[in-house]
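Each chain, letter by letter, is given below.
Protein chains: 2
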Amino acid sequence: MKVKVVTRILEANDRIAVENRKLFNNAGVYVINLMSAPGAGKTSIIEVTVKNIIKNLRIGVVEGDIAGTDDAQRVEGLGIPVVQINTGGACHLDANMINEAITDLPLKDLDLLIIENVGNLVCPAEFKVGEDMKVMILSITEGDDKPLKYPLMFQESSALILNKIDLLPYTDADIEKIKRNSLSLNPSLKIFEVSCKTGEGISEWTGWLQSLVK
Amino acid sequence: MKVKVVTRILEANDRIAVENRKLFNNAGVYVINLMSAPGAGKTSIIEVTVKNIIKNLRIGVVEGDIAGTDDAQRVEGLGIPVVQINTGGACHLDANMINEAITDLPLKDLDLLIIENVGNLVCPAEFKVGEDMKVMILSITEGDDKPLKYPLMFQESSALILNKIDLLPYTDADIEKIKRNSLSLNPSLKIFEVSCKTGEGISEWTGWLQSLVK
Numbered sequence: 033m034k035v036k037v038v039t040r041i042l043e044a045n046d047r048i049a050v051e052n053r054k055l056f057n058n059a060g061v062y063v064i065n066l067m068s069a070p071g072a073g074k075t076s077i078i079e080v081t082v083k084n085i086i087k088n089l090r091i092g093v094v095e096g097d098i099a100g101t102d103d104a105q106r107v108e109g110l111g112i113p114v115v116q117i118n119t120g121g122a123c124h125l126d127a128n129m130i131n132e133a134i135t136d137l138p139l140k141d142l143d144l145l146i147i148e149n150v151g152n153l154v155c156p157a158e159f160k161v162g163e164d165m166k167v168m169i170l171s172i173t174e175g176d177d178k179p180l181k182y183p184l185m186f187q188e189s190s191a192l193i194l195n196k197i198d199l200l201p202y203t204d205a206d207i208e209k210i211k212r213n214s215l216s217l218n219p220s221l222k223i224f225e226v227s228c229k230t231g232e233g234i235s236e237w238t239g240w241l242q243s244l245v246k
Numbered sequence: 033m034k035v036k037v038v039t040r041i042l043e044a045n046d047r048i049a050v051e052n053r054k055l056f057n058n059a060g061v062y063v064i065n066l067m068s069a070p071g072a073g074k075t076s077i078i079e080v081t082v083k084n085i086i087k088n089l090r091i092g093v094v095e096g097d098i099a100g101t102d103d104a105q106r107v108e109g110l111g112i113p114v115v116q117i118n119t120g121g122a123c124h125l126d127a128n129m130i131n132e133a134i135t136d137l138p139l140k141d142l143d144l145l146i147i148e149n150v151g152n153l154v155c156p157a158e159f160k161v162g163e164d165m166k167v168m169i170l171s172i173t174e175g176d177d178k179p180l181k182y183p184l185m186f187q188e189s190s191a192l193i194l195n196k197i198d199l200l201p202y203t204d205a206d207i208e209k210i211k212r213n214s215l216s217l218n219p220s221l222k223i224f225e226v227s228c229k230t231g232e233g234i235s236e237w238t239g240w241l242q243s244l245v246k
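As given, the protein sequences belong to chains F and H, one line each in that order.
In terms of my numbering, the first sequence is numbered consecutively and its last residue is 246.
In terms of my numbering, the second sequence is numbered consecutively and its last residue is 246.
In case anyone wonders, no lab produced these hints; they're calculated from the structure.
Treat the hints with care, as some may be off.
Copies of the same chain are indistinguishable here, so a pair counts whether it falls within one copy or spans any two.
As the list claims (entries may be wrong) - Once the Cα atoms are required to be at most 30 angstroms apart in a straight line, the calculated BS3-like pairs of lysine-lysine come out as:
(1) K229 / K54
(2) K87 / K209
(3) K229 / K209
(4) K54 / K211
(5) K209 / K246
(6) K209 / K54
(7) K211 / K229
(8) K83 / K160
(9) K209 / K140
(10) K229 / K140
(11) K140 / K211
(12) K229 / K83
(13) K54 / K222
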């Protein structure tokens with residue numbers, strides 16, 4: 033019985049995700065669903081990404097959080113359109129939330145829309161929102177055991193951003209193990225090693241992203 | 033309709049949590065539900081806690097993960113009873129999972145049972161499992177904005193362990209802001225600043241825990 037309910041929720045979600053995808057295609061906007069555990073650096077990655085490629089692309093952002101508008105305020109400071117979704121109790125964004133949020137965005141004036149999901153390594157990977165690709169961030173401070181413990185997100189993502197590599201000397205995390213286990217789950221995963229603090233690796237990430245959008 | 037389904041699931045969960053609580057009380061075992069985001073250090077906290085107080089208390093562990101048995105193997109190395117729950121897709125433990133898992137534990141021979149929840153700052157806080165108290169861990173590398181973004185877990189927890197404080201000099205996190213906002217959500221929250229790596233603050237945490245169990 034429980035399984036049936038969950039299946040029906042996912043089916044309804046996927047139907048709305050297809051609608052969203054049509055809206056995005058018609059507007060000519062490329063859409064990323066950005067996922068990670070809490071505090072891995074989703075908003076920081078958005079900030080450095082926007083600063084690196086703002087001259088070439090018109091970017092908009094949807095911020096997903098349980099509560100609060102901290103992230104939307106950070107993004108608004110960059111001078112780009114942003115909408116905040118507060119999910120209340122829900123631990124992930126779904127297609128319907130995105131369907132409502134995008135009515136407040138000038139989709140036709142955007143080249144790239146970045147959707148920042150709720151901080152959670154589990155459920156966000158289960159809900160399509162109409163995106164062109166999913167991208168996940170893993171902070172190296174979270175440890176090297178995460179791919180095998182949270183496999184779905186690694187399998188569903190097109191790219192993995194390994195963030196906070198400036199902290200690598202101060203942790204026991206084995207970055208080669210992270211990469212090896214991530215690729216065993218998803219051989220086509222594109223991996224970037226970056227630090228939002230030092231700027232290391234950011235241009236590789238933004239260069240690749242830009243090549244997909246244009 | 034959706035709300036009704038969710039309410040019914042939570043009601044059913046709470047009934048089983050009451051049953052679990054009776055089993056724990058009858059066996060004379062004190063139970064902690066340990067929660068955090070992925071990679072904040074739940075298993076490391078269990079390791080240092082067991083090493084610090086194993087002479088005085090008989091401890092057992094339930095490990096909750098989406099997939100894998102890494103954590104159970106780490107705990108087994110300490111020579112104490114451990115059961116691994118693999119939730120499949122579920123992003124949290126519930127009372128029924130615990131009800132089944134504890135049949136494999138010698139409850140009457142334990143003083144303290146530590147239940148390590150799935151790494152997630154959201155849903156674990158919504159599901160009672162029959163515990164005496166909830167304890168949460170926040171790694172300071174996750175940033176100082178987490179209390180206001182994930183308020184429920186801070187409100188539901190009796191204690192907050194701020195872990196990885198050895199990394200404080202290398203991050204921008206404002207630990208006073210974390211403490212201030214956590215206490216504004218939950219004025220009776222007990223806060224410990226610790227490092228599993230250096231051992232700093234661990235004896236304060238284990239001393240307090242031991243005083244509750246005995």
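Taking the hints in turn, this is what the structure says about them:
1. K229 / K54: neither (37 angstroms within a copy, 50 angstroms between copies)
2. K87 / K209: Classified as neither: same-chain Cα gap 37 angstroms, cross-chain 35 angstroms, threshold 30 angstroms.
3. K229 / K209: both (23 angstroms within a copy, 20 angstroms between copies)
4. K54 / K211: Result: close neither inside a copy nor across copies, 34 angstroms intra and 45 angstroms inter.
5. K209 / K246: neither (33 angstroms within a copy, 42 angstroms between copies)
6. K209 / K54: Neither, since 39 angstroms and 43 angstroms both go past 30 angstroms.
7. K211 / K229: both (21 angstroms within a copy, 24 angstroms between copies)
8. K83 / K160: within (27 angstroms within a copy, 44 angstroms between copies)
9. K209 / K140: Answer is neither: 42 angstroms inside a copy and 40 angstroms across each miss the 30 angstroms cutoff.
10. K229 / K140: Answer is neither: 33 angstroms inside a copy and 51 angstroms across each miss the 30 angstroms cutoff.
11. K140 / K211: neither (37 angstroms within a copy, 43 angstroms between copies)
12. K229 / K83: The answer is within: 13 angstroms in one copy meets 30 angstroms, while 36 angstroms across copies does not.
13. K54 / K222: within (26 angstroms within a copy, 50 angstroms between copies)
In the structure shown, a violation is registered for the earlier hints numbered 1, 2, 4, 5, 6, 9, 10 and 11, in ascending order.
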